[in-house]
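Chemist: Listed below are the residues making up each chain.
2 protein chains.
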Amino acid sequence: MGNKALDKRILSDALARRLPAYYRHVCIMLAEGKQTITSGELEKRIGNTSAQVRQDFFTCGGVENYHPDTLKEWLSGLLGIKKEHHMIVIGAGNLGRAIISFKDFNSDGFFIDAVFDNNLMFDGMQICGIPILNVTSLEDYLAANKVDIVVITTPANVAEEILEKSIKGGVKGVWNFAPVDLRSNDKIEVQNVHLSDSLLTLSFRINEKEFWKNQI
Amino acid sequence: MGNKALDKRILSDALARRLPAYYRHVCIMLAEGKQTITSGELEKRIGNTSAQVRQDFFTCGGVENYHPDTLKEWLSGLLGIKKEHHMIVIGAGNLGRAIISFKDFNSDGFFIDAVFDNNLMFDGMQICGIPILNVTSLEDYLAANKVDIVVITTPANVAEEILEKSIKGGVKGVWNFAPVDLRSNDKIEVQNVHLSDSLLTLSFRINEKEFWKNQI
DNA sequence: ACCAAAATGTGAAAAATGTATCATTTTCGC
DNA sequence: GCGAAAATGATACATTTTTCACATTTTGGT
Numbered sequence: 005m006g007n008k009a010l011d012k013r014i015l016s017d018a019l020a021r022r023l024p025a026y027y028r029h030v031c032i033m034l035a036e037g038k039q040t041i042t043s044g045e046l047e048k049r050i051g052n053t054s055a056q057v058r059q060d061f062f063t064c065g066g067v068e069n070y071h072p073d074t075l076k077e078w079l080s081g082l083l084g085i086k087k088e089h090h091m092i093v094i095g096a097g098n099l100g101r102a103i104i105s106f107k108d109f110n111s112d113g114f115f116i117d118a119v120f121d122n123n124l125m126f127d128g129m130q131i132c133g134i135p136i137l138n139v140t141s142l143e144d145y146l147a148a149n150k151v152d153i154v155v156i157t158t159p160a161n162v163a164e165e166i167l168e169k170s171i172k173g174g175v176k177g178v179w180n181f182a183p184v185d186l187r188s189n190d191k192i193e194v195q196n197v198h199l200s201d202s203l204l205t206l207s208f209r210i211n212e213k214e215f216w217k218n219q220i
Numbered sequence: 005m006g007n008k009a010l011d012k013r014i015l016s017d018a019l020a021r022r023l024p025a026y027y028r029h030v031c032i033m034l035a036e037g038k039q040t041i042t043s044g045e046l047e048k049r050i051g052n053t054s055a056q057v058r059q060d061f062f063t064c065g066g067v068e069n070y071h072p073d074t075l076k077e078w079l080s081g082l083l084g085i086k087k088e089h090h091m092i093v094i095g096a097g098n099l100g101r102a103i104i105s106f107k108d109f110n111s112d113g114f115f116i117d118a119v120f121d122n123n124l125m126f127d128g129m130q131i132c133g134i135p136i137l138n139v140t141s142l143e144d145y146l147a148a149n150k151v152d153i154v155v156i157t158t159p160a161n162v163a164e165e166i167l168e169k170s171i172k173g174g175v176k177g178v179w180n181f182a183p184v185d186l187r188s189n190d191k192i193e194v195q196n197v198h199l200s201d202s203l204l205t206l207s208f209r210i211n212e213k214e215f216w217k218n219q220i
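Top to bottom, those sequences are chains A and B. Taking the numbering used here, I'd label the letters of the first sequence as residues 5 to 220. Taking the numbering used here, I'd label the letters of the second sequence as residues 5 to 220.
The hints are all genuine.
It does not matter which identical chain is used: a pair holds within one copy or between any two.
Cut-off 25 Å, straight-line C-alpha distance, at most; resulting in silico cross-link-like pairs (PhoX-like, lysine-lysine):
#1 38 to 76
#2 150 to 213
#3 38 to 86
Keep in mind the hints are simulated off the structure, nothing from the lab. The model shown is predicted, which means the values in this text are computed figures rather than measured ones.
Working from the sequences, and respecting the hints, build out all of it.
Modeler: Okay, structure coming up:
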């Protein structure tokens, strides 16, 4: 067989970041009514080479054929989209509300069941039909309900504490927007987003480009 | 000299993504009143090895010393933080509002001057003191005002069009939150964020972990 | 001021990632 | 249904990225 997926156990971050893009473009092509998808077509749309697309698919165990439905099904399986994911959001600020109002996820089986905040003012209120609960009840909630993913949109100083409680509550993953670097471990997966960092990376690229223009 | 920064011209994405984290942690340490920073301390806080920190600094041309102020100053220079950056946001939806209400950037010289939307209902309104303008006036605005960075929080189908107008308007960078893969070129730098992709990557990691648990 | 301990800068080795190649398979027009 | 053209799967190769090793420099205690 010689397939890397079977002995490596953990696929590279680079690949893990490309997979959702493959899924996204396959869904678009499916919606466009395309009958066939080729690695060359994915190359054009996504920007990486067709060889890389094929290599990625190979690394992931290979797909039966390149029909849009097959590909979507196969990628769904890899990404865990077939299952339902129950999420809660910690922090009812602007970012929290923005994430709740995103409708994109729902079609892929991601559901937000509750929002938690420490501001008593919110008590009993709802956002987009989702109840806002007091964060003091978080542990009880986790004990009583199945929660797969916790979304952290709190300030930095409480993020670590939320992570601890999530682990104790048997949560599988944390989607962290607080500006701290939470770490994955064998109990929980963490995805740090760091919006500010991303803006600084952009600023860096702009700066770098101008620097080289001046050098010539 | 043999310093890579001088002949490579473009630093790797991996490094470009780490730089903001260095900056963030140096700022925290500075606020904590630390007198000295070591590569080992950055290792503990960020998670990558001290060797990588040193290698990264070396690749970027090297820093005079590891005093917090020097480091912050040096990283600021690399990231282009010393200059003022004028930004506008396209799309006054939830995400747009969330970004506008972020106060984190301002301290680093990033200012949001205006918001654009195609919904006439918003005309004349403000968000956090920032005026909402009609998107039809975007081109005129770009011609009349210095805009460094355009933030796209629109639906996917208009993102490409906004990019074109940004290029024509002399904008240096685009921070794109629409679920399309806009590309950088020699006229403009693009940073795609793709929140949904990041959630799917998390889902993939959770799924992958469970898969291997079942295999043993 | 001196010595020991710790930290840095740098080149080179090792590991990881991406690209190119090509035999085999599939598709498509006739 | 046949043959040319195109696309894939898998290996080999090249490049990039990370880690290692260690001479040199800096720090901190006595």
